[in-house]
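Protein chains: 2
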Amino acid sequence: MGHSLVAGVDIGGTCIRAGLVSEQGEILSSREWPTRDFPEPEKLVNLLAIECQKMAEEHSGYTWVGTGIGAPNGNFFRGTIEFAPNLSWKGIVPLAEQIEQKTGKTCLLTNDANAGALGEMLFGAAKNMHDFLFITLGTGLGSGIVCGGRLVYGHDGFAGELGHVIVNPGGRLCGCGRKGCLETYCSATGLIMTYREIHSGGKPESFGKPQNITAKHIYELAMQGEAEALNAFEQFSKTLGEALANAVAITSPESIFLFGGLASADDLIIPKTKKYMEASLLPIFQNKVQILCSGLPENDAAILGAASLVWNQLKKS
Amino acid sequence: MGHSLVAGVDIGGTCIRAGLVSEQGEILSSREWPTRDFPEPEKLVNLLAIECQKMAEEHSGYTWVGTGIGAPNGNFFRGTIEFAPNLSWKGIVPLAEQIEQKTGKTCLLTNDANAGALGEMLFGAAKNMHDFLFITLGTGLGSGIVCGGRLVYGHDGFAGELGHVIVNPGGRLCGCGRKGCLETYCSATGLIMTYREIHSGGKPESFGKPQNITAKHIYELAMQGEAEALNAFEQFSKTLGEALANAVAITSPESIFLFGGLASADDLIIPKTKKYMEASLLPIFQNKVQILCSGLPENDAAILGAASLVWNQLKKS
Numbered sequence: 002m003g004h005s006l007v008a009g010v011d012i013g014g015t016c017i018r019a020g021l022v023s024e025q026g027e028i029l030s031s032r033e034w035p036t037r038d039f040p041e042p043e044k045l046v047n048l049l050a051i052e053c054q055k056m057a058e059e060h061s062g063y064t065w066v067g068t069g070i071g072a073p074n075g076n077f078f079r080g081t082i083e084f085a086p087n088l089s090w091k092g093i094v095p096l097a098e099q100i101e102q103k104t105g106k107t108c109l110l111t112n113d114a115n116a117g118a119l120g121e122m123l124f125g126a127a128k129n130m131h132d133f134l135f136i137t138l139g140t141g142l143g144s145g146i147v148c149g150g151r152l153v154y155g156h157d158g159f160a161g162e163l164g165h166v167i168v169n170p171g172g173r174l175c176g177c178g179r180k181g182c183l184e185t186y187c188s189a190t191g192l193i194m195t196y197r198e199i200h201s202g203g204k205p206e207s208f209g210k211p212q213n214i215t216a217k218h219i220y221e222l223a224m225q226g227e228a229e230a231l232n233a234f235e236q237f238s239k240t241l242g243e244a245l246a247n248a249v250a251i252t253s254p255e256s257i258f259l260f261g262g263l264a265s266a267d268d269l270i271i272p273k274t275k276k277y278m279e280a281s282l283l284p285i286f287q288n289k290v291q292i293l294c295s296g297l298p299e300n301d302a303a304i305l306g307a308a309s310l311v312w313n314q315l316k317k318s
Numbered sequence: 002m003g004h005s006l007v008a009g010v011d012i013g014g015t016c017i018r019a020g021l022v023s024e025q026g027e028i029l030s031s032r033e034w035p036t037r038d039f040p041e042p043e044k045l046v047n048l049l050a051i052e053c054q055k056m057a058e059e060h061s062g063y064t065w066v067g068t069g070i071g072a073p074n075g076n077f078f079r080g081t082i083e084f085a086p087n088l089s090w091k092g093i094v095p096l097a098e099q100i101e102q103k104t105g106k107t108c109l110l111t112n113d114a115n116a117g118a119l120g121e122m123l124f125g126a127a128k129n130m131h132d133f134l135f136i137t138l139g140t141g142l143g144s145g146i147v148c149g150g151r152l153v154y155g156h157d158g159f160a161g162e163l164g165h166v167i168v169n170p171g172g173r174l175c176g177c178g179r180k181g182c183l184e185t186y187c188s189a190t191g192l193i194m195t196y197r198e199i200h201s202g203g204k205p206e207s208f209g210k211p212q213n214i215t216a217k218h219i220y221e222l223a224m225q226g227e228a229e230a231l232n233a234f235e236q237f238s239k240t241l242g243e244a245l246a247n248a249v250a251i252t253s254p255e256s257i258f259l260f261g262g263l264a265s266a267d268d269l270i271i272p273k274t275k276k277y278m279e280a281s282l283l284p285i286f287q288n289k290v291q292i293l294c295s296g297l298p299e300n301d302a303a304i305l306g307a308a309s310l311v312w313n314q315l316k317k318s
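As you go down the protein sequences, you meet chains A and B in turn. Throughout the first sequence, residue numbering follows the working numbering, covering 2 to 318 in sequence. Throughout the second sequence, residue numbering follows the working numbering, covering 2 to 318 in sequence.
Keep in mind the hints are simulated off the structure, nothing from the lab. Quantities reported herein were computed from a predicted structural model and do not represent experimental measurements. Any given hint could be a false lead.
A pair holds if it fits inside one copy or across any two, identical chains being indistinguishable in the list.
[Stated by the list, open to error] With a straight-line cut-off of 27 Å between C-alpha atoms, the simulated DSSO-like cross-links for lysine-lysine are:
1) K276 - K44
2) K180 - K289
3) K44 - K91
4) K276 - K103
5) K275 - K180
6) K276 - K55
7) K289 - K275
8) K289 - K91
9) K316 - K55
10) K180 - K273
11) K44 - K239
12) K55 - K180
13) K317 - K180
14) K289 - K276
15) K180 - K239
16) K273 - K55
17) K239 - K103
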């Protein structure tokens, strides 16, 4: 396996990136395309087969041995992307099988957060850890759970939906159609909604100014000491900390990794989230569980995570 | 392994039971002692070594090969019972090591609910299942989680504390010292509290009559159609169903097994809990997860579960 390369492919709503990843987690080459260029998955299958081979040929002595894919609503067991809300592909797309047939090499697929968790274990800050949670804080909240050194897929391959734990029954309407999911509070979108509610005196219907604020703006305001922005981060951390305490009671991790721009927002999230988590933890878990910033480089994490699906399998066999 | 026997030992607050269990899950012999007879663990270690050997000698052709123990606050990794609230043993008791030294045979230990989950997988209704939750409804609420055919112990061996997920922040005071834990609502104790609250018009401080009602009484009243008792079971099922929906989002099980007297309370819990769980489930999990009554015989479940700790390891090796 010394000179093998695995293609890691990240399928996002805006762009698709592919890179060749070495056993040590180096990305030797990469490519990027707009997602809208692929109205049908077949076009992507054909392009990946050609482009990954081209990239591999740039590195003499290396062989491209397989492809890992991270995609929204990706199902590991079936190798499918199922009803992905951010893609124009409809229904259930058997992408892993199509890529295996086209390339003649193994192809594994899962969702972005699961891929990220494996990436953290193989190439990030969770090396040598067997039990941890990996949480992505972006537009939504995704999670991957590693127990006993293995990713938890569950019976149907969709385990790890911590973002859709209901933390406030009857609360904010979520994209999934239900109300009060964790990700409606603890994500960039949730932070913005909380900030607007604070500005409007708690009335969620009548959002006051500023209308088009971003999570980054709120972060900057908080760093300048604006009370409302600091309050929004405080509420974010309280809701996240309490939800993590419940997740700890179920899975008992060694560490919890937070990934994404918000996670690294200086001291605005991690220390506060830790404080609220500890206050809600069952005594037997107190002062045992770390909350850490992901050790994966933000721009390359998706490719590394996707490739680690195949690297993880190669290392086991 | 055809003629091996494993001792299953159940350590409870009232009594300690030990039985020899065959590979097929038959209990060939068993013994029972009052827990108060063992103010020091050493006395139990000595007795078990003698009694299990005696029982084994009653069955010619069989060999006693190891001991599995289910105990409150049992830790699998360390083989310890740690600060068990219902036992007079103080601090951390390295019981598995003591039994191994005395008997010269392997000894494994975990908590009651984890042992029950393994028992369900080896000898009960979860045969051939790889992903399920096992929930004990007794004085409290315990849980064991099986993912990918393996029990989830977590980093420190205490995973699976679903009873201590906080479902109502600031709610009922729990034995763990925090407020609003699931088991303060969904257990025999919780059912009684709910019933009393209903009788006192919702004021938890001023419990009305009847003071000394048991969960069994409430069950009988519900079967007679008493509105308050039916209401108490309805609230029980709603809280449990919503908590299970959140646990499903994290672990994606094939089935959820309920164990204990309350679980088999005719149609008062399972169908209603299923209804409330479905109403709270993320769409991708709807109509996929069964809620079933445990297939373990109630009186023998603890011994079978404890023995399955060792049988599970023998079958893997």
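Hints, verified against the model:
{"no.": "1", "hint": "K276 - K44", "result": "neither (49 Å within a copy, 43 Å between copies)"}
{"no.": "2", "hint": "K180 - K289", "result": "between (32 Å within a copy, 21 Å between copies)"}
{"no.": "3", "hint": "K44 - K91", "result": "within (15 Å within a copy, 67 Å between copies)"}
{"no.": "4", "hint": "K276 - K103", "result": "neither (50 Å within a copy, 45 Å between copies)"}
{"no.": "5", "hint": "K275 - K180", "result": "both (25 Å within a copy, 19 Å between copies)"}
{"no.": "6", "hint": "K276 - K55", "result": "neither (50 Å within a copy, 54 Å between copies)"}
{"no.": "7", "hint": "K289 - K275", "result": "within (11 Å within a copy, 35 Å between copies)"}
{"no.": "8", "hint": "K289 - K91", "result": "between (44 Å within a copy, 22 Å between copies)"}
{"no.": "9", "hint": "K316 - K55", "result": "within (25 Å within a copy, 48 Å between copies)"}
{"no.": "10", "hint": "K180 - K273", "result": "both (25 Å within a copy, 21 Å between copies)"}
{"no.": "11", "hint": "K44 - K239", "result": "neither (45 Å within a copy, 48 Å between copies)"}
{"no.": "12", "hint": "K55 - K180", "result": "neither (47 Å within a copy, 60 Å between copies)"}
{"no.": "13", "hint": "K317 - K180", "result": "neither (41 Å within a copy, 43 Å between copies)"}
{"no.": "14", "hint": "K289 - K276", "result": "within (13 Å within a copy, 37 Å between copies)"}
{"no.": "15", "hint": "K180 - K239", "result": "both (19 Å within a copy, 16 Å between copies)"}
{"no.": "16", "hint": "K273 - K55", "result": "neither (47 Å within a copy, 58 Å between copies)"}
{"no.": "17", "hint": "K239 - K103", "result": "neither (48 Å within a copy, 49 Å between copies)"}
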